[in-house]
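Novice: Take a look at the letters that make up each chain.
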Amino acid sequence: MERTTLDLWVGMFVVAGLGALVLLAFKVGNLSTYNVSDTYQLQAYFTNIGGLKPQASIKSAGVLVGRVTGVTLDTERYEAKVTMSIDSRYKFPKDTFANILTSGLLGEQYIGLVPGGDSEVLKGSDVVKQTQSAIVLEDMIGKFLYSKAESGNAK
Amino acid sequence: MSSPALLEIRDVNFAYDSRPILKGINMTFPKGKLIAIMGLSGCGKTTILRHIGGVLKPTRGYVKMDGQIIHELDQDNLYQMRRKMGMLFQFGALFTDMTVYDNVAFQMREHTDLPEEIIRDLVMMKLHAVGLYGTQNLMPAELSGGMARRVALARTVALDPMLIMYDEPFAGLDPISLTVVGELIRRLNDALGATSIVVTHDVQESLKIVDYVYFVSDGAIIAEGTADEIRASGEAFVKQFVHGEMDGPIPFHYPAGDYNKDLGVRA
Amino acid sequence: MSILDNLRGIGARVVNAVWRIGYASRFFLMTLLYSGMSFRRFRLTVREIFFSGVMSLIIILVAGMFVGMVLGLQGYETLKRYGSESALGSLVALSLVRELGPVLAALLFASRAGSAMTAEIGLMKATEQIAAMELMAVNPIARVVAPRFWAGVISMPLLAAMFSAMGVFGGYVVGVVLIGVDEGSFWSQMQGAVDFQHDVLNGVIKSLVFGVAVTVISLFEGYDSPPTAEGVSGATTRTVVQSSLAILMLDFILTAFMFRGD
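Protein chains in written order, with this note's numbering: chain A, 1 to 155; chain B, 1 to 267; chain C, 1 to 262.
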């Protein structure tokens, strides 16, 4: 085969391959929503995180503001310590509420931040004091049955 | 045999595991001569070539080329030494994924920084020398056996080696190609002032062109001499070999037990 | 007596297997050591990218398309039972990017390009081309083996990415165009589920590892094959069998490390 045709084919092959990678990154994957801007770290303690995993999204008013970077068990308090990386464009008041929520009935879990009214804002490596743990479906069903039984007995 | 020796083989012994292949080989290859090593298949001829090329190391003795002992060279010096050698393999061993042109140009491109125009001129010269000018754009698969052998010959002498080795250059050639290749081996040797070693069992063709012959049998030299001496030799093995007789020192029958006894026949 | 013989047979097999692994590792190290020429004369590598990468393109694209279409069809049937057809995009994309893309592309690469490499090098050896090169003072590992190795390592992730992209397209055609899953939720669920680092990059790492494994096995089998017609054909078969096993085993190990627990 003529050298130049061979080069042309290999060139097209490499470009197409890299194109496919870019497509996977932006169209299929979430690289487009990755913020390259600076982030700061916040911590929060939860009594139960349910199925929360690293890389889970952190949303405020439905807008993605950061990601969970680590989940560990704090053996002094026996609570889950969640490290969150927040886009530094977004500042939150000191009395912000962190809830573990579920998207849809059976979907992925994420952290929802509900801002309070404090005038001071959270800075890097601060701890979010007010948290609400994940709602575990089994517990909820258990409670529901229990209350049903209670109300049944009362009659 | 007065000219100084380019290559000497002294008391070379070689064994695979404990099976001896070469037993005390002594050979001298003077500059400018064309020398044949003859013998039956499997007698150790190709093993000798491999020692010269530095592919194998002798268990005793040495091969000395151009003043240096081959098996004592390190990788770089061995490669340096191999550039002074050319070897024609049994069926040519042309690179099947390259054109004739690229095959002949291969060593020039690998070992020299010559500009492409000079390489082109050199390739055409070499192809012309073997009578195949005009085939440069063909692939090896498009050549006949004799032509492929000649292209391989052009590739072998591409860098004007001091020593040219031929491993069965006549195998599988038609009578015309046979004569052509034989004639080319002689002519290239004289034109380049090189020393050539032809390993072969084709007695008639090689006796026409060579200066000196070594006969090898079972890993040892059993006869040597000039072409005329060999033809006139009275040695039983050489006679059988040169004239291609069916029975002689090399028996027709495989060495086994008594055939008659096996059949239960009383002889 | 026969027990002793059997034991001896097992022992010989083990010794032989260990010896071969050692020999293959040495071959791999030599290939890395003599890789300089593959980059100094990159043209040699480009040529091999053509023969291993570009020539595998058609089979990779067609196979990727069909695998994606099957995923779309089967995924839809399963997800419909739970009323979550909108998750079809994430199902198709995750299976392709994490597993099927790298693994199937590598399996196809092994049988298309790997076996060709083995046969080519085996034939070069059988026809004494390798020996001739060595006697011309050209190192065959540097000149023949290393460019093919790097070509395989470069081609493999690109082929896997094309396989996955084509598969996602196939899933889209079946799911959205033919069945009628909502296009918006197809893509947005997919983007929500597929993480660039965790899924896409790990898929690329997998295919790189597979590329190294397949090319080393193919080249070693070719280089080590007995110089006869049966020898070469046996080596070609071994290449496909061993590469396939290596891909699946490595896939398990890599998956265990990459997606464990989190």
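Honestly, the hints are just simulated from the structure, not real lab data. Treat each hint with caution, since some may be false.
Estimated spans, in silico, between C-beta atoms of each pair [what the hints assert, rightly or not]:
# : chain 1 : residue 1 : chain 2 : residue 2 : range
1 : C       : Ala-256   : A       : Leu-145   : 31 to 41 Å
2 : B       : Ser-18    : C       : Phe-66    : 53 to 63 Å
3 : A       : Asp-38    : C       : Arg-13    : 52 to 62 Å
4 : C       : Ala-256   : A       : Tyr-146   : 49 to 59 Å
5 : A       : Arg-77    : C       : Met-30    : 55 to 65 Å
No experiment lies behind these values; they were computed from the predicted model shown. Glycine residues also receive a C-beta, built at the ideal position from the N, C-alpha and C atoms.
Novice: Please go over all the hints and tell whether each is borne out by the structure.
Specialist: Hint check results:
{"no.": "1", "hint": "C:Ala-256 / A:Leu-145: 31 to 41 Å", "verdict": "39 Å, holds"}
{"no.": "2", "hint": "B:Ser-18 / C:Phe-66: 53 to 63 Å", "verdict": "59 Å, holds"}
{"no.": "3", "hint": "A:Asp-38 / C:Arg-13: 52 to 62 Å", "verdict": "59 Å, holds"}
{"no.": "4", "hint": "C:Ala-256 / A:Tyr-146: 49 to 59 Å", "verdict": "41 Å, violated"}
{"no.": "5", "hint": "A:Arg-77 / C:Met-30: 55 to 65 Å", "verdict": "56 Å, holds"}
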